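Protein chains: 2
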Amino acid sequence: MSHSKRQIIFISDGTGITAENLGHSLLTQFEHISFETTTIPYVDSVEKAQEAYAKIVAIGKKADKKPIVFSTLVEAETYGIIKKAPCVCLGLFHTFVPLLQKELGVSSLNIIGNTHGFGDDDHYMHRIDAVNYAIANDDGANIHRYDEADFILLGVSRSGKTPTCLYLALQFGVYCANYPLTEEDVAEGILPKPLQPYREKLVGLIIEPARLQHIREARHANSRYCSIKQCQQELRFAEKLYLQEAIPYIDTTKRSIEEIATEIFALTGKKKHII
Amino acid sequence: MSHSKRQIIFISDGTGITAENLGHSLLTQFEHISFETTTIPYVDSVEKAQEAYAKIVAIGKKADKKPIVFSTLVEAETYGIIKKAPCVCLGLFHTFVPLLQKELGVSSLNIIGNTHGFGDDDHYMHRIDAVNYAIANDDGANIHRYDEADFILLGVSRSGKTPTCLYLALQFGVYCANYPLTEEDVAEGILPKPLQPYREKLVGLIIEPARLQHIREARHANSRYCSIKQCQQELRFAEKLYLQEAIPYIDTTKRSIEEIATEIFALTGKKKHII
Numbered sequence: 001m002s003h004s005k006r007q008i009i010f011i012s013d014g015t016g017i018t019a020e021n022l023g024h025s026l027l028t029q030f031e032h033i034s035f036e037t038t039t040i041p042y043v044d045s046v047e048k049a050q051e052a053y054a055k056i057v058a059i060g061k062k063a064d065k066k067p068i069v070f071s072t073l074v075e076a077e078t079y080g081i082i083k084k085a086p087c088v089c090l091g092l093f094h095t096f097v098p099l100l101q102k103e104l105g106v107s108s109l110n111i112i113g114n115t116h117g118f119g120d121d122d123h124y125m126h127r128i129d130a131v132n133y134a135i136a137n138d139d140g141a142n143i144h145r146y147d148e149a150d151f152i153l154l155g156v157s158r159s160g161k162t163p164t165c166l167y168l169a170l171q172f173g174v175y176c177a178n179y180p181l182t183e184e185d186v187a188e189g190i191l192p193k194p195l196q197p198y199r200e201k202l203v204g205l206i207i208e209p210a211r212l213q214h215i216r217e218a219r220h221a222n223s224r225y226c227s228i229k230q231c232q233q234e235l236r237f238a239e240k241l242y243l244q245e246a247i248p249y250i251d252t253t254k255r256s257i258e259e260i261a262t263e264i265f266a267l268t269g270k271k272k273h274i275i
Numbered sequence: 001m002s003h004s005k006r007q008i009i010f011i012s013d014g015t016g017i018t019a020e021n022l023g024h025s026l027l028t029q030f031e032h033i034s035f036e037t038t039t040i041p042y043v044d045s046v047e048k049a050q051e052a053y054a055k056i057v058a059i060g061k062k063a064d065k066k067p068i069v070f071s072t073l074v075e076a077e078t079y080g081i082i083k084k085a086p087c088v089c090l091g092l093f094h095t096f097v098p099l100l101q102k103e104l105g106v107s108s109l110n111i112i113g114n115t116h117g118f119g120d121d122d123h124y125m126h127r128i129d130a131v132n133y134a135i136a137n138d139d140g141a142n143i144h145r146y147d148e149a150d151f152i153l154l155g156v157s158r159s160g161k162t163p164t165c166l167y168l169a170l171q172f173g174v175y176c177a178n179y180p181l182t183e184e185d186v187a188e189g190i191l192p193k194p195l196q197p198y199r200e201k202l203v204g205l206i207i208e209p210a211r212l213q214h215i216r217e218a219r220h221a222n223s224r225y226c227s228i229k230q231c232q233q234e235l236r237f238a239e240k241l242y243l244q245e246a247i248p249y250i251d252t253t254k255r256s257i258e259e260i261a262t263e264i265f266a267l268t269g270k271k272k273h274i275i
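Taken in sequence, the protein lines are chains D and X. Residues 1 to 275, numbered by our numbering, are exactly what the first sequence covers, in order. Residues 1 to 275, numbered by our numbering, are exactly what the second sequence covers, in order.
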């Protein structure tokens, strides 16, 4: 029996996340082909490499073409086993590490499972604290800890504040609060009082009215809240406020969460710490 | 003036996240060297490539060694400009895409900014919904939507439930609720009633008592809640419950959020959709 989808295998001595990211990035350039993916994580011994080899063989037998394997295996021995499997093997580490060793003038450490591993404790606690901070300071629920914030995101309801805050916390350990601009806030036309001492931390979000309506309707169909008129009005006021207060702002309409986060760093000039 | 840190530049026609991941992964193998990183995102035109070129030159002048550039530029023209800059240039796409083209027997689409771009709307809405679901169903706050859950995480307070749920939502669009095992729950020794219809969705978290005490103490020092005795007792009961009810469970002690998420997929056999 043959599958029409091309089989893709991500293999790693750790979580497999880097292999997945790498492979996924490359395969977005071949969107016209159908793929089926399998991740084989924690291949951190010869035995596990042999099991992975067997799995590659099994996956290959189901399909009419050789599986494509994206590897972030660090060790030469495990990688050597996979390399001999009936597959096309793209080895991230084995392609680039020799170049880096030459350029840096030192040997690599050959540490397995390092990229998305536990790391140091302070780092881990900071990241968890950032997530807890984002939740505690979501949607204006808590305005007493704004002095701890790296950023405070502003925007009308459903403009993308919460997912962006959580993404920044999880990926970069950034302390990000968010404050909803209510109808009353925007109608008054002045910066809400709790935000006034923190102007330099503010980033505004904006979105196209039709898009906002679409998002709001998915949850609260046919209410005033999701009428196009209401969306237009709230957004017009919000944008006016950003301009008046010189708050940098981002249009989230056609942006992914990752793109909004990237823009926040670019707009504010704040350096991100890559986890 | 010369810097002692080696300069690293991530360059991309999109967010730069893949370039950062790739570079960060590789550089974890050289932890004994100090790096300073700069990301240059959205290099999606010849003009921007020329600006990026100038930036590479400027960064190079501050240092005594050539910067190392990790590129995920897709287009040959922009990549060609960067390649000529005074740097060591590692091009992810230009290394692997020709191999993939040959293997897949088709040309790549040369789509820029694709990896972490907006993608399709359904996909975006699903991801946002998953984040909203995780927040609404955090910490047993809402037990009425468990039928929608992909997973329900169980664990005592501070065992890692919330960050894991949010990570699964953001990265994989997974609907993940979490339910705190209280002292009363675990003392009774029966599976809490709201969970009983959803046994096949349950995943337990466990953690070493000393680690739990450390995490709890960071927030509530000197309370009974964070005594070692209390932590030991809660965890003993929780583990007993998992064993008795045949709930698969994970020790989060020395695991990053990414590793916990990877284990959840491995334990349950549920396939992850890579975003």
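Bear in mind the hints are in silico, worked out from the structure with no lab data behind them. Only a predicted model underlies this, so the values are computations on that prediction, with no experimental measurement involved. Treat the hints with care, as some may be off.
Pairs of lysine-lysine, DSS-like flavour, derived with a Cα cap of 27 Å [stated by the list, open to error]:
#1 X:5 <-> X:66
#2 X:5 <-> D:66
#3 X:5 <-> D:254
#4 D:270 <-> X:62
#5 D:270 <-> X:66
#6 D:102 <-> X:240
#7 D:66 <-> X:83
#8 D:55 <-> X:271
#9 X:240 <-> D:48
#10 X:48 <-> D:65
#11 X:270 <-> X:240
#12 D:84 <-> X:102
#13 D:102 <-> X:193
#14 X:5 <-> D:61
#15 X:201 <-> X:270
#16 D:201 <-> D:229
#17 X:193 <-> X:270
#18 X:83 <-> D:272
#19 D:270 <-> X:55
#20 X:193 <-> D:272
#21 D:201 <-> D:84
#22 D:61 <-> D:5
#23 D:48 <-> X:229
- prompt: Within a Cα-Cα threshold of 27 Å, do residue 61 (chain D) and residue 5 (chain D) meet the stated pairing?
  reply: Holds, at about 13 Å.
message: Need the status of pair residue 270 (chain D), residue 62 (chain X): alpha-carbon distance at most 27 Å?
response: holds, 20 Å
query: Straight-line Cα separation of residue 270 (chain X) and residue 240 (chain X) no greater than 27 Å?
result: holds, 25 Å
- prompt: Under the criterion that the straight-line Cα-Cα distance not exceed 27 Å, is the pair residue 201 (chain X), residue 270 (chain X) satisfied?
  reply: The given pair, whose Cα atoms are some 10 Å apart, holds under the 27 Å limit.
- prompt: Hey, residue 240 (chain X) versus residue 48 (chain D), does the alpha-carbon distance stay inside 27 Å?
  reply: Roughly 30 Å between the alpha carbons, so the hint for residue 240 (chain X) and residue 48 (chain D) is violated.
Proposed proximity, residue 254 (chain D) with residue 5 (chain X) (alpha carbon, max 27 Å): Measuring from Cα to Cα gives roughly 37 Å; hence the hint is violated.
query: Has the given pair, residue 102 (chain D) with residue 240 (chain X), been kept, meaning a C-alpha gap of at most 27 Å?
result: violated, 53 Å
query: Between residue 55 (chain D) and residue 271 (chain X), is the straight-line Cα distance small enough, at 27 Å or below?
result: Status holds; Cα separation ~16 Å.
field: Pair hint residue 5 (chain X) and residue 66 (chain X), alpha-carbon separation not exceeding 27 Å
entry: Distance ~11 Å between residue 5 (chain X) and residue 66 (chain X) Cα, so the pair holds.
query: Does the structure keep residue 5 (chain X) and residue 61 (chain D) at a Cα separation of 27 Å or less?
result: violated, 49 Å
- prompt: When you check the alpha-carbon spacing of residue 270 (chain D) and residue 55 (chain X), does it fall within 27 Å?
  reply: holds, 17 Å
- prompt: Hey, residue 48 (chain D) versus residue 229 (chain X), does the alpha-carbon distance stay inside 27 Å?
  reply: Violated: residue 48 (chain D) and residue 229 (chain X) sit about 38 Å apart, past 27 Å.
Consistency with the previously given hints fails for numbers 2, 3, 6, 7, 9, 10, 13, 14, 16, 20, 21, 23, ordered from lowest to highest.
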